[in-house]
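Respectively, the protein sequence lines represent chains A and B.
For the first sequence, my numbering assigns the number 174 to the initial residue and increments by one for each residue that follows.
For the second sequence, my numbering assigns the number 174 to the initial residue and increments by one for each residue that follows.
Treat the hints as calculated values from the structure; they're not laboratory data.
Do not rely on the hints blindly, as some may be mistaken.
If chains are identical, the list can't say which one is meant, so a pair holds when it fits in one copy or spans any two.
[Said to hold, decoys possible] With a straight-line cut-off of 16 Å between C-alpha atoms, the simulated EDC-like cross-links for lysine to aspartate or glutamate are:
| no. | residue 1 | residue 2 |
| --- | --- | --- |
| 1 | Lys298 | Asp423 |
| 2 | Lys298 | Glu286 |
| 3 | Lys510 | Glu384 |
| 4 | Lys510 | Glu191 |
| 5 | Lys510 | Glu368 |
| 6 | Lys488 | Glu330 |
Protein chains: 2
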Amino acid sequence: MSQLRHDPIQRRWVIIAEERQSRSTDFIPHRAEPMDASLCPFCPGRERFTPPEIMAIRPNGGEPNASDWLQRVVPNRYPALRIEPVELGRAADGLYDRMNGIGAHEVIIECPEHDQALADYPQIKIHNLLKTYRARLVDLMQDQRLRYVLIFKNQGEPAGATLQHPHSQIIATPITPRTVAIELVSCREHYRLKERCLICDIIQQEVTSGERVIYDDGAFIALAPYASRFPFELMIIPRAHSHSFSEASDEDLSLLGQCLQETLKRLRLALEDAAYNYVIHSAPNAAARPMRPGYWLTLAQDYHWHLEIIPRLTKMAGFEWGTGFYINPTSPEAAAKFLREISLG
Amino acid sequence: MSQLRHDPIQRRWVIIAEERQSRSTDFIPHRAEPMDASLCPFCPGRERFTPPEIMAIRPNGGEPNASDWLQRVVPNRYPALRIEPVELGRAADGLYDRMNGIGAHEVIIECPEHDQALADYPQIKIHNLLKTYRARLVDLMQDQRLRYVLIFKNQGEPAGATLQHPHSQIIATPITPRTVAIELVSCREHYRLKERCLICDIIQQEVTSGERVIYDDGAFIALAPYASRFPFELMIIPRAHSHSFSEASDEDLSLLGQCLQETLKRLRLALEDAAYNYVIHSAPNAAARPMRPGYWLTLAQDYHWHLEIIPRLTKMAGFEWGTGFYINPTSPEAAAKFLREISLG
Chain A
174 MSQLRHDPIQ RRWVIIAEER QSRSTDFIPH RAEPMDASLC PFCPGRERFT
224 PPEIMAIRPN GGEPNASDWL QRVVPNRYPA LRIEPVELGR AADGLYDRMN
274 GIGAHEVIIE CPEHDQALAD YPQIKIHNLL KTYRARLVDL MQDQRLRYVL
324 IFKNQGEPAG ATLQHPHSQI IATPITPRTV AIELVSCREH YRLKERCLIC
374 DIIQQEVTSG ERVIYDDGAF IALAPYASRF PFELMIIPRA HSHSFSEASD
424 EDLSLLGQCL QETLKRLRLA LEDAAYNYVI HSAPNAAARP MRPGYWLTLA
474 QDYHWHLEII PRLTKMAGFE WGTGFYINPT SPEAAAKFLR EISLG
Chain B
174 MSQLRHDPIQ RRWVIIAEER QSRSTDFIPH RAEPMDASLC PFCPGRERFT
224 PPEIMAIRPN GGEPNASDWL QRVVPNRYPA LRIEPVELGR AADGLYDRMN
274 GIGAHEVIIE CPEHDQALAD YPQIKIHNLL KTYRARLVDL MQDQRLRYVL
324 IFKNQGEPAG ATLQHPHSQI IATPITPRTV AIELVSCREH YRLKERCLIC
374 DIIQQEVTSG ERVIYDDGAF IALAPYASRF PFELMIIPRA HSHSFSEASD
424 EDLSLLGQCL QETLKRLRLA LEDAAYNYVI HSAPNAAARP MRPGYWLTLA
474 QDYHWHLEII PRLTKMAGFE WGTGFYINPT SPEAAAKFLR EISLG
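Excised from the complex, chain A in its bound form (with noise of 0.2 Å):
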């Protein structure tokens, strides 16, 4: 199985996952040939080439991993954590810090079509989908050794998609990733010396200014954020607090569809079909244990969630990898003016 090791000098958790032996030809990159649709393990009638499904959506009422399906959920066939073991085996190799690599990693046929874009989906194809992460979200979190869920796509082989048939995925991790944790403090320390949520903060200066703002309809807000990292880098908000995507109701899952999906109508307009990744980045598990009183809770109350959309248009090199520094070469303002003045048509 795999294993989750820390490294002291940069107190970063990684997940060891070597699938088989490794053999020289393995460690070679080779670019991903287009797939013959016929051979899609994710098109109707091959649902035999999944693990069996979690769930899924049959409005005939049809047997579990049949073919009439609309939406089907399955563990992912060379999973990076797996669930299974009840122990997390947190251990001491010398210096370092390791333990088992329990959790979850599933993915998400979004439907039985092979290559229909989201941005295309009808709009109750789309709820679906939102509604399953909500109810794969809230199913994880009853796992108390599961701390972090993330849902997330990649599209396009550029965005690191290995199959083409529209798929999301989600991976559940025994620890808070960094990324996640250092938003949680930020939050936490806005909340206590301001009794304001610092995301409900930059929502109404971002309003207030309009230039970095591409969609408003007074529920979600999607803007292009001050620091940018990357040229038309976006956020999808909610506009009422909310630190849980688990406790969006069915009608904001609506409105975040519609968000979602004229946000990537323009993107796909101005950017020419670009590959792209989002991630929805929600509070920890506040169930997780062992918890130090209070601890997640307080976190999880002043987190305010939302969706990170990344075109996957530069390419990272020594000087981002050397310092976790960035440079965009297009500021957000031009990349919202951009998105803005796009006809829909």
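Got chain A; can you put chain B on it based on the hints?
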């Protein structure tokens, strides 16, 4: 000029460096075409296509910017940061923080040859390159506005290199980048607790186990870090404690050159000439102002400089962006074993 901006949620500085008015076509990613070598701005005879040189090696004592050089250092033609204005111009922008894009961005043209690999350089050439790194580091640290100087190399297009001609880069910044700041704090806290250097302790553990070591001549060690983020990620570390690359002696640099070349040769054979980045992590500029008394000094002396090599085999996807957490399919033990067993012929 460019601007440094701070993200209050992620607590991260970003350089917004707009080179030109944004036009739609500037946003769209295009594949780099292999450049006709006769158009290369770094080849001898084309010195007018770079800004005037900062330093050069000319054994025959020619004029600056003449064609008889063995190595040149020039300002980057499209610099992310510039040295010119006197003031940092720190300012609030509502909730946000910004400052002027002060710093330096230099290119080291390593040799007249258009396509020689660093692993194949004659010994004098790699030695000269490392001595130039040191000279530029020492010189840039005279500027009290500059807190950090990063020396790095992008080799190959997937690693972010836009020109084929062998070159390295230097970026000096008015803040200490986050990645380095975390390493400094780790080293300082370990020292306070143990009165020993964290990285010296790691070297001792790695030498004792040996399973992640690729090269060890008693002066420099090359190893695959315990919690490697990427397949075949490597570190080269001087075995004797030293906080700054600026303090390396000529003899140190000669031994480092041998270690670096042998390591890159093994990587090339193992990974079929894969692209890579390397970066030198050295202590921040102890002369930078304003300085909290003793702050940088303490940090600097607890630190232990090293060089990090990242072969570019895998793609960053949504999970990595969303969490700062990495999934590595190759254990460092497997990578180190494979590299050790490569025959250099």
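Quick rundown of the hints versus the structure:
1. Taking the shortest Cα distances, Lys298 and Asp423 sit within 16 Å of each other inside one copy (13 Å), while across copies they are farther apart (65 Å).
2. Taking CA atoms no more than 16 Å apart as the test, Lys298 paired with Glu286 passes inside one copy only; the shortest distance there is 12 Å, against 57 Å between copies.
3. Only within a single protomer do Lys510 and Glu384 lie at most 16 Å apart by alpha-carbon distance; the minimum there is 7 Å, versus 54 Å between protomers.
4. Taking the shortest alpha-carbon separations for Lys510 and Glu191, only the inter-copy value of 15 Å comes in at or below 16 Å, while the best intra-copy value is 45 Å.
5. Taking CA atoms no more than 16 Å apart as the test, Lys510 paired with Glu368 passes in neither setting, with 33 Å inside one copy and 54 Å between copies.
6. Taking the shortest Cα distances, Lys488 and Glu330 sit within 16 Å of each other both inside one copy (14 Å) and across copies (9 Å).
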